[in-house]
Amino acid sequence: MGLFNRRKTVFVDSDILVIGGGMSGCGATYESRYWGRDLKIVCVEKANIERSGAVAQGLYAINCYMGMQWNENQPEDHVRYARNDLMGLVREDLGYDIARHVDSTVHKFEEWGLPMMRDPKTGRYQREGKWQIMIHGESYKPIVAEAARKAATEVYNRIMVTHLLMDKTKANRVAGAVGFNVRNGNFYVFRAKAVIVCAGGASHIFKPRAVGEGMGRTWYAPWSSASAYALPILAGAKMTQMENRIVLTRFKDGYGPVGAYFLHLKTYTQNAYGEDYEPKWYESLKAIVGDYVDRHPVPTCLRNHALLEEVKAGRGPIRMVTKEAFQDPHKETVGWENFLGMTIGQAVVWASQNIDPKHVNPELTTSEPYVMGSHATCSGAWASGPSDYAPAEYQWGYNRMMTVAGLFGAGDTIGGTAHKFSSGSFTEGRIAGKAAVNYVNDLGREQPQVSETEYEDLRKLVFQPLETYEVGRNEIVAGTVSPSYILPIHGLQRLEKIMDEYVGGISAHYTTNEPLLTRGLELLGMLKEDLAFLGAEDLHQLQRAWELHHRVLASEAVTHHTMFRTETRWPGYYYRADHAKLDDANWHCFTLSRYDLQSGKWEMEKAPVYHIID
Amino acid sequence: MPTFVYMTRCDGCGHCVDICPSDIMHIDTTYRRAYNIEPNMCWECYSCVKACPQNAIDARGYADFAPLGHSVRALREEAKGTISWKIKFRDGREKNFVSPIRTTPWGSIKSPAEYAAPNSEAFKAQELAHEPEALKIERLPALTPGKLKQGLI
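In the order they appear, the protein sequences are chains H and S. Each residue of the first sequence is one higher than the last, beginning at 1 in our numbering. Each residue of the second sequence is one higher than the last, beginning at 1 in our numbering.
Keep in mind that the hints were calculated from the coordinates and are not lab data. Take the hints with a grain of salt, since some may be wrong.
Claimed, not checked - Okay, the calculated beta carbon distance ranges per label pair: (1) H:259 to S:149: 30 to 38 Å; (2) S:117 to H:472: 55 to 63 Å; (3) S:77 to H:130: 31 to 39 Å; (4) H:606 to S:97: 47 to 55 Å; (5) S:92 to H:538: 36 to 44 Å.
Unchecked claim - Over 10 Å on every C-beta distance to chain H, these chain S residues come out as not near it, computed from the model: (6) 8; (7) 9; (8) 35; (9) 53; (10) 54; (11) 80.
Predicted model, so just to flag it, every value in this text is computed and none were measured. In this text, a Cβ means the ideal position worked out from N, Cα and C, and glycines have one as well.
Could you build all of it, start to finish, from the sequences and the hints given here?
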């Protein structure tokens with residue numbers, strides 16, 4: 001109990017508070033300083049920004065680069081590509097905005113010291129595919145973090161932000177955030193004029209394929225704990241496309257990436273009997289999605305569909321044919337360094353199982369679903385678009401401001417903008433950073449104020465799991481079974497089981513329907529009630545407890561959105577068996593939700609999709 | 001492969017504790033050395049392995065799918081600007097790779113505040129920091145209002 005007694009409340013005032021120091025958070029911090037020379041800019045991160053977020057491990061490619069200087073692609077082309085991949089539904093205004101700025105971000109990365117590969121013939125960046133360029137990105141995150149540290153007034157590492165604070169003088173306006181230091185247990189009250197949420201998307205909301213020691217080897221980082229969604233949801237911000245979870249086709253067990261293999265090494269897939277299986281499923285796909293099946297490149301979800309069906313038909317495992325490509329020593333090196341640069345675990349799996357892709361064609365599998373906003377999917381908050389061209393319905397204030405005044409977002413947090421990846425997330429952070437500076441400058445003297453009652457109530461709530469454990473622990477002899485509390489891992493495994501079985505996870509073949517979703521919501525409701533009885537043995541477990549809170553709330557959003565959209569828009573990501581076809585007549589639109597904290601109710605609505613015509 | 005720490009090499013410096021993105025490298029209170037407190041929340045990102053000055057941290061593939069006998073070792077040398085890898089298969093085969101990690105000195109990035117301050121018109125324009133120069137094209141591309149329309153495409 002000594003820790004309790006020494007716990008302090010620390011107040012940190014800032015003009016702009018950036019929550020999360022991953023790619024988008026570093027971009028937001030950097031840009032905020034460029035425009036806000038005299039502003040106090042604070043970045044708060046639950047780990048250490050040197051190695052935090054989805055790029056902690058490194059990356060071997062930058063997947064969003066136009067190459068406008070060489071006339072390789074234009075922003076419109078990227079919008080069309082992302083729209084096509086997401087079956088017609090992306091925020092084209094936001095996507096264009098990222099695409100038009102992203103090249104300047106990448107050029108700064110190179111100037112800062114990120115080693116770029118170059119095509120020896122042309123001298124241009126080495127293309128992996130139409131949008132991807134290859135890098136030696138082991139230190140991608142430390143380099144970007146250095147830029148952010150230079151820009152920030154202060155960086156607070158090891159603080160888990162649990163809630164946003166609302167302004168007591170004006171409704172629907174943000175005033176800061178609270179959290180706790182996972183090292184010393186101090187409570188932090190961040191008072192800010194503008195807040196930019198740059199937190200991570202959601203791994204571990206659906207049961208992973210590996211449930212033993214290997215449960216941490218998820219495709220998306222296990223520390224991506226849905227704070228990107230829970231923080232805005234709790235503040236009453238509207239969310240969009242939360243049903244649009246993503247399923248990844250990856251190398252088995254390690255979830256090593258396949259992009260460089262398909263695009264650069266020109267490897268290809270086949271079933272257990274050496275057959276090309278994708279054409280076999282053309283008609284079944286056409287029955288679901290109609291003409292979308294003929295689009296090029298084939299949308300990511302539809303390629304998953306063929307693999308899933310082939311496996312269900314009993315012709316697995318699906319393999320990547322690497323033996324031919326890997327005879328070329330250069331390609332073999334690229335193939336291995338690709339993993340070592342961003343998914344070391346896949347190299348370990350192959351080394352442990354004696355899989356040398358020069359001699360063995362490795363197995364592929366489909367992952368459990370993830371909810372995030374920066375890959376081939378676009379869940380997140382509903383944000384205002386750029387002022388120079390966004391349609392009126394997409395514009396209510398500053399660029400990347402959510403439906404809560406002063407609350408901005410970037411990266412996984414912002415919905416509707418698929419395929420931004422690392423460079424686009426940093427770029428979106430920059431866009432939000434500049435907009436937040438303008439917001440703060442325009443505020444004048446009319447500044448938000450936090451309510452002491454609100455943060456004191458949150459302080460009790462945040463530390464409750466420590467007390468629950470401390471008291472309940474004395475009731476039992478030893479062990480993990482208590483009638484008075486559940487541990488964070490217990491709650492996490494229950495969440496993963498509910499989502500897996502009722503909301504379209506691996507064991508349900510990614511399939512759900514209204515009765516399953518209804519039952520899933522009932523069980524999620526009970527889990528939510530049980531979260532009041534979470535027990536945390538120490539500060540590390542307290543972090544896990546709040547990560548679980550965030551994951552559960554995001555999962556509830558996912559389930560409501562999945563229920564609302566009565567069609568199957570992305571076969572291969574998930575199937576509504578009771579509405580088994582894509583339905584453009586009724587669902588060529590975005591789904592929006594808003595959570596009411598007081599009643600616990602979710603309101604759903606539709607929002608129109610605007611396209612760059614052609 | 002969750003990480004583990006060799007007892008005889010670790011001196012308890014805490015670099016791994018400081019860097020771990022998952023907050024799972026902690027100091028054991030009895031031995032005063034680091035260990036992985038939650039192997040099933042380890043992403044095998046190797047941040048701790050790379051950060052360890054004593055090379056005391058290694059990884060053993062996840063027990064639920066990785067047979068024993070392998071190793072993947074990393075040596076990250078900031079001064080040289082390289083990372084070296086040694087992969088050893090269960091059957092003894094080895095592969096070695098070396099990659100650059102950075103092309104500029106550590107700490108050399110300029111703060112955005114070191115650049116000339118933007119003028120007042122620039123705040124309401126669409127250009128971000130260092131644009132249009134950093135785009136390496138003449139001007140920032142833009143759409144015209146009304147270019148975005150509803151309907152199926």
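A quick look at each hint next to the structure:
no.: 1; hint: H:259 to S:149: 30 to 38 Å; verdict: holds (32 Å)
no.: 2; hint: S:117 to H:472: 55 to 63 Å; verdict: holds (57 Å)
no.: 3; hint: S:77 to H:130: 31 to 39 Å; verdict: holds (35 Å)
no.: 4; hint: H:606 to S:97: 47 to 55 Å; verdict: holds (51 Å)
no.: 5; hint: S:92 to H:538: 36 to 44 Å; verdict: holds (42 Å)
no.: 6; hint: 8; verdict: holds (23 Å)
no.: 7; hint: 9; verdict: holds (20 Å)
no.: 8; hint: 35; verdict: holds (13 Å)
no.: 9; hint: 53; verdict: holds (15 Å)
no.: 10; hint: 54; verdict: holds (18 Å)
no.: 11; hint: 80; verdict: holds (12 Å)
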